[in-house]
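Using the sequences and the hints given, assemble the complete structure.
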Amino acid sequence: MKSIDKIFPGVKALKGVNFNLKSGEVHTLMGENGAGKSTLIKILTGVYEKDGGQIIFDGREVHFTNTLDPQKLGISTVYQELNMIPYLTVGENIYLGRYPKTRKGIDWKTLHENAQRELDDMGLSISSRERLNHYGTAAQQMVSIVRAISLHCRIVVLDEPTSSLDTKEVETLFGIIAKLKAKKIGIIFISHRLDEVYAISDRITVLKDGSYEGTYKPAELTQYELVRKMVGKEIIQEGINTRNYDGSNKEYVVEMEDIFYYPKVNGVSVAVKEGEIVGLAGLLGSGRTEVAQVLFGYAGNASGTIKVKGNKVKIKAPTDALKNGLAFVTENRREEGVIPNMTIRENISISGMPQISRWGFIQRKKQVALAEKYIQRLEIKTPTMEQKLKNLSGGNQQKVLLARWLATEPDLIILDEPTRGIDVGAKKEVEELIKEIAGQGIGVLLISSEITELVRNCDRIFVLREGKNQGVLLKEDISEERIMKQIVEHDPVSREVLT
Amino acid sequence: MKGIGKHIKNNGTVLGLFFMMLLAVIINRNFLTIENLTNVLRQASMNGMIAIGMTMVIICGSIDLSVGTMIGFSGFLALYLSNFSLILAIGVPLLFGLLVGLINAFLINKCKVAPFIATLSMMMAVKGVTLILTKENTYFAEHPVESFSYVGRGILLNYITVPSVLFVGVSLLGAVLLNRTAAGRSMYAVGGNEEAARMMGVNVEKTRLVAHVLTGLMAALSGITLVSRVGAAYPLAGEGKELDVIAACVIGGTALTGGKGKVSGTFIGVLIIGLLTNIFNMQTFLNSFWEKVITGTLVLVVVLIQSIQENHIKIYKGSKKTASVK
Amino acid sequence: MKIKSERNIFQAYGAPIALVILLLINCFTTPNFISWSTISNLVTHSATVMILGIGMTMVIATGGINISVGSVMAVSSMVLAKLVFKDHIITGVIVCLLVAVATGVITGIIITVFKVQPMITTLAMMYALRGVAKLLNGGTILNYKNQDFSNFAYVKIAGIIPIHFVIVFVLAAAGFILLRKTRFGLYVEAYGDNPTATKIAGVNTILVVTAAYVLCNVLAGVSGILEAAATTCADPVNMGLNKETDAIAATVVGGTPMAGGRPNVFGTICGALILQLITIMINMNNVPYSYSLVLKALIIVISIYAQNIKK
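Protein chains in written order, with the working numbering: chain E, 1 to 499; chain C, 1 to 326; chain A, 1 to 311.
By construction, these hints were calculated from the structure, which means they are not laboratory data. The structure displayed is predicted, hence computed values, not measured ones. Some hints here could point you the wrong way.
Straight-line alpha carbon distances no greater than 25 Å define the calculated DSS-like cross-link-like pairs of lysine-lysine that follow [said to hold, decoys possible]:
(1) E:LYS373 x A:LYS115
(2) A:LYS115 x E:LYS314
(3) C:LYS112 x E:LYS390
(4) C:LYS206 x E:LYS72
(5) E:LYS366 x A:LYS181
(6) E:LYS312 x E:LYS468
(7) A:LYS181 x E:LYS365
(8) E:LYS250 x E:LYS181
Label pairs and their calculated CB-CB ranges [claimed, not checked]:
(9) A:PHE28 x C:ASN39: 57 to 67 Å
(10) C:THR33 x A:ASN286: 47 to 57 Å
(11) A:THR196 x C:LYS206: 47 to 57 Å
(12) A:THR29 x C:PHE140: 35 to 45 Å
(13) C:PHE19 x A:MET119: 24 to 34 Å
(14) E:GLU113 x C:LEU99: 37 to 47 Å
(15) C:LEU95 x A:THR140: 37 to 47 Å
(16) A:THR196 x E:ARG358: 25 to 35 Å
(17) A:THR196 x E:LYS485: 32 to 42 Å
(18) C:LYS206 x A:LEU98: 47 to 57 Å
(19) A:VAL287 x C:ASN39: 22 to 32 Å
Glycine included, each C-beta is placed from N, C-alpha and C at the ideal position.
This is the structure we're talking about:
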């Protein structure tokens, strides 16, 4: 792929990205959210059409207009969210659409024999006749890969295959990858776990903000350098935190200890004091979002103790979290935050209903006043508060969600990637707001994949790696280098240091 | 132990059927006579044929509410045309069954109307047309072709009724279609994960169309059989039958979320409901109105078990089988 | 930034506009159409569907469906008739509504807690409750022989306005206020629009959705009372039969999207009136009743199609 461009309305998602893949090679694509990894993959798999550049396959230029074109050429993708049919057998999923037939219709015996042979060839202990959803995510992924092989594919794209696997399963996957390499199949691998990337890759290409940062051999690039290329900013704007927060005589708003949430959180402890901005640093998949979900009662079976203002509490659902004075602006704005067809007024007031209603009736005047107050305070740009939320820009939608939670007058607000997908100007505004919120004595738990953002804003930073605490940095120790060093460090510090 | 549990899970409907038979034998000593069993099968076959089609529609993740009124419609057509020729009396209603299936699929695929509403409108329209044609009266044929009554009343080898043969035949064909043809497997793929199916190259629209057309055909066939046996076409004959049919599918283990279900399950589901009716007709100590209560409860129990199983799988993801390199 | 009226016009005002057009056409084409008795007939005959429609609007706004309302009508009216037969009118009404509440709670909990699909849950409830209704009086019609109670349906305010007007107006207004002016209404709409976001916003979604089913069934109970009063008896077999279809049709024609979100009570009322108007129109023009069904089916499909375009 040569100098690929992709333009989305308003954003240039890819700027002249180069990428090439040799047969029998594992080429890893790295970059944080919004770096353009998935856009590049979607162009390669025909989901999007490119706006510029060339795709050359086997020396010939190719054009993909739909998702079937690349498949015919032998480019198969194993997606993060599994794209297979859950209720059908493993064998059938492998051969769907290409059934062996006899005069009596589909020849199940041959199908399962062939499928079983393919599975055995890969050294998998998966039965072809078992229903696909009897197996866990890992096995389903393997089946997906086997399907790709049976299609005589030349390239397999593995989009974050390890994100929900445990160590043993990852080993299995790597075993498969080795076998693919032996078959001269090229592999595009996407992962955020550094160790894995270094263990498996032949080459690494780094993308940042849609730009091509370079291609390296793992031996030529230290983990620290790699992280710097992914998240570091060339021009560090107001690199230091100018707030003068003194937490010595402040109370803890929230203390979380020994949080386990299979498989991504394996014993994390985090605490936030009132008026403090605490950052959760770590790469994608380090468990930072999951910690927030556990705190807000949005995760399934999690264990560990949570204390709010010194009292042990049980938070089983978001309603419990709300009652305990917590607020949560999630990273998936569209799926988990925005109620698209309702007005800004309604979106702002939904969580703060108890304050503005009497006997269940919404007090319109109070509701309007509330919406007005936050539209002004957060400088939400909209002609009227009766505008539907889906018509606002990303940055303004984010402000509306922030307003929704501020309206509940929380003691702690969790902000997961609050500046993702919004433009630079709005980013700065949101960051100013965060400081203002903390200034009022509200604790802030800030999650971000942009380390500079954490450095600029946080009073304390917990560094996570693969679901465990790596360390904690207090204000004068906070710097990009130290965070990145901790991310790549191997021995997690003991828990005593954390508190 | 685990093996037994799995067996019960997979064959719950079979167990249910055995239980019903046992109950039937206890309640009614005449149950196990050939006459009675023939009767049960014949009575069940009207809904049964449609249920086979409905199973396919539901596996596709769709639904068809128009089958009930289709019975009345095709019944009238068949009886009216039986005055002229047997071929017309069977062919024309089937043609209209196909047409209604096509319209349903068109509304769902092209107009993007929700299947529930699309087929609900179709149900009303078909009912209206039937009432118009019959002038809101029960229709009797003046001089039907003699052979026509054979479809509904014919008996082979003393005991086997033609409707039961049709039902069993349709079930076998349905099973072959679903298990042994690419068209049938596509239905599972479409209902299981529409996007994935599309990615794997399945023609989603065509698959849905096939299922709806087949169901329309089955409803027409059921209507023909009914009038042939009764000898009169009551315009509202099949009203509400669509729900009985759906209930049979659900009891047979077909999930309304799509992608899951078997012809054999539906076959047993149909028999269970048929037995229930038979048991209630044959006993005196329990009011026959309990039948509906029990059917409702049965449906609820089946879906509750399904739902709990599904959610169980979701909660304990860790307990799923994992793959390992040998 | 411009203020865009994103909302599809057909969804918001399609039903009232269609109603007005239909009325106007009828004024010119249908003989004797312009009379008080026509209007009075229109409302009294569609009262049941309008009341059911209000409840159905709530349920459909959450993204669900309730096909058990007809059976709920039958059960609650049977309970009512049993008690009215013994001259306990007030107790009868209260118990009847309590029965409706109970059925709603069961339905709601199965749907929210056990995550069974609304369609299949209410299908099972439809069967079970119809059976129960028949059991209550051996499947036969129960004449409660209570003049006081049966007179109630024939009360005319100021000697000319049937009581149905008042009941429908009050319930529609209550439904409108509930869905537009209260927390509950906001939660219902939000849930239909984006259930995950609503849950994360700290809304007790189990309670909200269950309440929608309870209210829907209570309204079915009210229509049961009204019908039982008008017919001086309770018929376990035919009471409310197929009424769920009409109520769903009225709701959908009225502009509440099947996928959930924006409830439109006013639209539903207009939808019910349109469907009834077609029946009356066909009747008064001496066209057989059957044609109205085909016409209704067409109207449903066309209205959905109109609501779908521009999206």
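Inset, instruction - With a cut-off of 25 Å on the C-alpha distance, tell me whether LYS181 of chain A and LYS365 of chain E pass. - result: Cα-Cα ~12 Å, so holds.
Legend entry - Pair hint outcome, LYS366 of chain E versus LYS181 of chain A [Cα-Cα no greater than 25 Å]: holds (13 Å)
Inset, instruction - Please work out if LYS112 of chain C and LYS390 of chain E have their alpha carbons no farther apart than 25 Å. - result: holds (22 Å)
Inset, instruction - With respect to the beta-carbon atoms only, verify the hint that THR29 of chain A and PHE140 of chain C lie 35 to 45 Å apart. - result: At 37 Å between Cβs, range holds.
Inset, instruction - Quickly compare the C-alpha distance for LYS312 of chain E and LYS468 of chain E to 25 Å and report which way the hint goes. - result: Judged against 25 Å, a Cα distance of about 22 Å means the pair holds.
Legend entry - 25 Å limit on alpha-carbon distance, applied to hinted pair LYS250 of chain E and LYS181 of chain E: violated (57 Å)
Inset, instruction - Return holds or violated for the Cβ distance of PHE28 of chain A and ASN39 of chain C against the range 57 to 67 Å. - result: holds (58 Å)
Inset, instruction - For the pair we were handed, LYS115 of chain A and LYS314 of chain E, check the Cα-Cα distance against 25 Å. - result: holds (24 Å)
Legend entry - THR196 of chain A paired with LYS485 of chain E, Cβ distance criterion 32 to 42 Å: holds (37 Å)
Legend entry - Whether the CB-CB distance between PHE19 of chain C and MET119 of chain A falls inside 24 to 34 Å: holds (27 Å)
Legend entry - Beta-carbon spacing of GLU113 of chain E to LEU99 of chain C - inside the hinted bounds 37 to 47 Å or not: Between GLU113 of chain E and LEU99 of chain C, where Cβ atoms are some 43 Å apart, the hint holds.
Legend entry - Hint consistency between LYS373 of chain E and LYS115 of chain A [alpha-carbon to alpha-carbon, up to 25 Å]: violated (39 Å)
In this structure, the hints that do not hold are numbers 1, 8, 11 and 19, in rising order.
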